[in-house]
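> Which chain is which? The protein sequence lines are E and D, in order.
Residues in the first sequence are numbered consecutively from 1, following the numbering used here.
Residues in the second sequence are numbered consecutively from 1, following the numbering used here.
For the record, the hints were derived by calculation from the structure and aren't laboratory data.
Please note: incorrect hints may appear among the correct ones.
[Said to hold, decoys possible] Restraint ranges, calculated between C-beta atoms of paired labels, are given here:
no. : chain 1 : residue 1 : chain 2 : residue 2 : range
1   : E       : Gln369    : D       : Asp21     : 21 to 27 angstroms
2   : D       : Asp47     : E       : Gly361    : 37 to 43 angstroms
3   : D       : Thr44     : E       : Phe370    : 33 to 39 angstroms
4   : D       : Met1      : E       : Leu384    : 33 to 39 angstroms
5   : D       : Asp21     : E       : Phe370    : 40 to 46 angstroms
6   : E       : Val26     : D       : Asp21     : 28 to 34 angstroms
[As the list claims (entries may be wrong)] In silico DSSO-like pairs for lysine-lysine, Cα to Cα no more than 30 angstroms straight-line:
no. : chain 1 : residue 1 : chain 2 : residue 2
7   : E       : Lys124    : E       : Lys50
8   : E       : Lys390    : D       : Lys13
9   : E       : Lys391    : D       : Lys65
10  : E       : Lys383    : D       : Lys53
11  : E       : Lys383    : D       : Lys13
12  : E       : Lys234    : E       : Lys203
Glycine included, each C-beta is placed from N, C-alpha and C at the ideal position.
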Amino acid sequence: MKAISIKTKVITVSTCCLLIGAVALVGLVRNSYQKNVEMVAASALQSAQKTFDNLKGGELAALTLASTGLANLQGVRDLFVKRDRDGLYAYVTPMFNELKALGAGFVLFLEPDGKVFLRMHAPKNFGDSLASSTYIGKALRNQATSEAVDLARPGFVTGSCRPFRDEAGKLIGYIIVSGTFDKFLTAMKQQTADDYILIGHKKLLDEKLYRNSQKAKGLQDTWDQFPSVVVLGKTIEPYANGHYEGDLEGLAADGKLLGQGEKDDRAFIRGVFPIYDAVGTPIGGIFLRHDITALYNGMHRVQSVAIVAIALLMLLLSVAMALVLNRLVFLRLRRTIEVATRVVGGEFSNQIVPTSDDEVGRLELLFEQFRSIFVGVVDDLSKLQEQADKKSA
Amino acid sequence: MGILYDLKTKIDKAIETKKLDAAAVRGKIALQAGFLVSLIAANTPDDPVKIDKLRKAAESVMQLKL
Numbered sequence: 001m002k003a004i005s006i007k008t009k010v011i012t013v014s015t016c017c018l019l020i021g022a023v024a025l026v027g028l029v030r031n032s033y034q035k036n037v038e039m040v041a042a043s044a045l046q047s048a049q050k051t052f053d054n055l056k057g058g059e060l061a062a063l064t065l066a067s068t069g070l071a072n073l074q075g076v077r078d079l080f081v082k083r084d085r086d087g088l089y090a091y092v093t094p095m096f097n098e099l100k101a102l103g104a105g106f107v108l109f110l111e112p113d114g115k116v117f118l119r120m121h122a123p124k125n126f127g128d129s130l131a132s133s134t135y136i137g138k139a140l141r142n143q144a145t146s147e148a149v150d151l152a153r154p155g156f157v158t159g160s161c162r163p164f165r166d167e168a169g170k171l172i173g174y175i176i177v178s179g180t181f182d183k184f185l186t187a188m189k190q191q192t193a194d195d196y197i198l199i200g201h202k203k204l205l206d207e208k209l210y211r212n213s214q215k216a217k218g219l220q221d222t223w224d225q226f227p228s229v230v231v232l233g234k235t236i237e238p239y240a241n242g243h244y245e246g247d248l249e250g251l252a253a254d255g256k257l258l259g260q261g262e263k264d265d266r267a268f269i270r271g272v273f274p275i276y277d278a279v280g281t282p283i284g285g286i287f288l289r290h291d292i293t294a295l296y297n298g299m300h301r302v303q304s305v306a307i308v309a310i311a312l313l314m315l316l317l318s319v320a321m322a323l324v325l326n327r328l329v330f331l332r333l334r335r336t337i338e339v340a341t342r343v344v345g346g347e348f349s350n351q352i353v354p355t356s357d358d359e360v361g362r363l364e365l366l367f368e369q370f371r372s373i374f375v376g377v378v379d380d381l382s383k384l385q386e387q388a389d390k391k392s393a
Numbered sequence: 001m002g003i004l005y006d007l008k009t010k011i012d013k014a015i016e017t018k019k020l021d022a023a024a025v026r027g028k029i030a031l032q033a034g035f036l037v038s039l040i041a042a043n044t045p046d047d048p049v050k051i052d053k054l055r056k057a058a059e060s061v062m063q064l065k066l
């Protein structure tokens with residue numbers, strides 16, 4: 001078996017230790033990255049939900065303000081009390097057009113029982129009941145203003161429904177001002193720089209109305225894209241296998257994180273939070289995609305630097321250890337072996353001079369003492385042999 | 001003059017011919033053979049074991065076949 005030198009063994013052991021250290025360091029970097037990602041993801045989800053709540057709050061406040069404004073107009077009240085549909089339509093049209101330009105595309109007047117008296121966007125359609133809509137139903141039940149997000153038949157809407165009373169305070173009907181979600185996701189993207197997909201449950205929608213609405217808006221009809229949910233707004237294309245139905249099931253109020261993903265050299269984290277209607281029933285959710293490419297690249301940079309640094313350290317340490325071992329141990333051992341060999345070869349005057357008081361120095365001293373004894377014995381033997389030769393001569 | 005002394009003489013001659021470091025080579029042979037080659041004199045009695053060891057050591061250290 002070929003002997004392995006101490007130098008090789010020491011360098012191998014130190015290299016192994018450094019390699020283990022490198023693996024542990026890379027593990028630590030990855031662990032720290034994972035924790036950072038979780039923190040960033042939770043913060044992004046929270047921020048998205050807060051942004052949504054703020055936008056929703058602002059939108060609903062504006063709608064309520066608009067409905068209050070309409071309700072306080074004497075002309076509107078007089079025409080509604082008279083049930084003059086055409087007169088009311090003509091009177092409200094200029095205000096309706098202004099509201100439409102601001103995103104509140106629906107103004108409706110309801111009878112006290114919830115039946116439509118006038119739809120400003122479709123004046124010929126009236127008489128149907130809207131009491132099934134959660135926020136309208138809530139307003140009817142409580143005879144008080146109710147505003148909320150709702151999944152109406154064609155899609156998501158924000159709406160405010162307020163009681164309409166005559167001068168004596170008697171309930172004469174309700175006024176609804178509502179808008180769509182169309183600009184919500186764009187506004188959220190502008191505020192957070194994240195991407196969003198708004199998804200609602202199909203069971204709460206009317207397929208025909210949805211298809212007609214998408215067509216009228218010039219938007220893609222994606223009714224058949226997923227089995228039980230439908231994309232109602234987006235700033236990015238949804239994943240074909242996004243498991244959106246599963247993610248919406250049993251979703252907690254503060255949402256949940258959906259892990260990490262990569263696409264087109266970009267790294268992302270995903271999350272979803274639910275949207276509730278006026279009575280707290282989940283009607284869909286907003287899926288979030290937050291870009292963490294900078295964090296991801298940073299982690300890889302740190303990891304690469306750590307690996308290169310450890311490789312350099314390994315090289316430096318190996319060279320340093322080899323030099324130190326050579327100087328402190330191996331050269332001195334070689335010198336001792338050389339002297340011992342030469343002494344045995346007959347060059348008795350060769351001496352081993354201890355160069356230090358360390359372990360090798362003590363070995364050198366021992367060899368030198370041994371050499372002195374050995375040379376003395378050989379000298380004595382030579383003398384005895386000479387005497388014997390003289391006697392025999 | 002015995003075989004052992006003869007072998008020692010041949011080793012010395014080979015060292016001289018090849019211009020080797022005499023002390024170092026003799027030392028290595030002595031360490032391998034297990035006795036001091038420099039103490040072999042003309043009247044040193046032959047010992048078959050020592051003769052064999054010396055031959056092997058010379059071959060191993062100097063590639064010298066004796």
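> None of the hints should be skipped; say for each whether it holds.
Cross-check of the supplied hints:
1. E:Gln369 with D:Asp21: 21 to 27 angstroms: Since E:Gln369 and D:Asp21 have Cβ atoms about 25 angstroms apart, the given range 21 to 27 angstroms holds.
2. D:Asp47 with E:Gly361: 37 to 43 angstroms: holds, 39 angstroms
3. D:Thr44 with E:Phe370: 33 to 39 angstroms: Given about 25 angstroms between the Cβ atoms, the range is violated.
4. D:Met1 with E:Leu384: 33 to 39 angstroms: Given about 21 angstroms between the Cβ atoms, the range is violated.
5. D:Asp21 with E:Phe370: 40 to 46 angstroms: violated, 22 angstroms
6. E:Val26 with D:Asp21: 28 to 34 angstroms: violated, 53 angstroms
7. E:Lys124 with E:Lys50: violated, 40 angstroms
8. E:Lys390 with D:Lys13: holds, 28 angstroms
9. E:Lys391 with D:Lys65: With Cα atoms ~37 angstroms apart, E:Lys391 and D:Lys65 exceed 30 angstroms; violated.
10. E:Lys383 with D:Lys53: holds, 26 angstroms
11. E:Lys383 with D:Lys13: Holds, because 26 angstroms separates the two Cα atoms, which is no more than 30 angstroms.
12. E:Lys234 with E:Lys203: holds, 20 angstroms
In the structure shown, a violation is registered for the earlier hints numbered 3, 4, 5, 6, 7 and 9, in ascending order.
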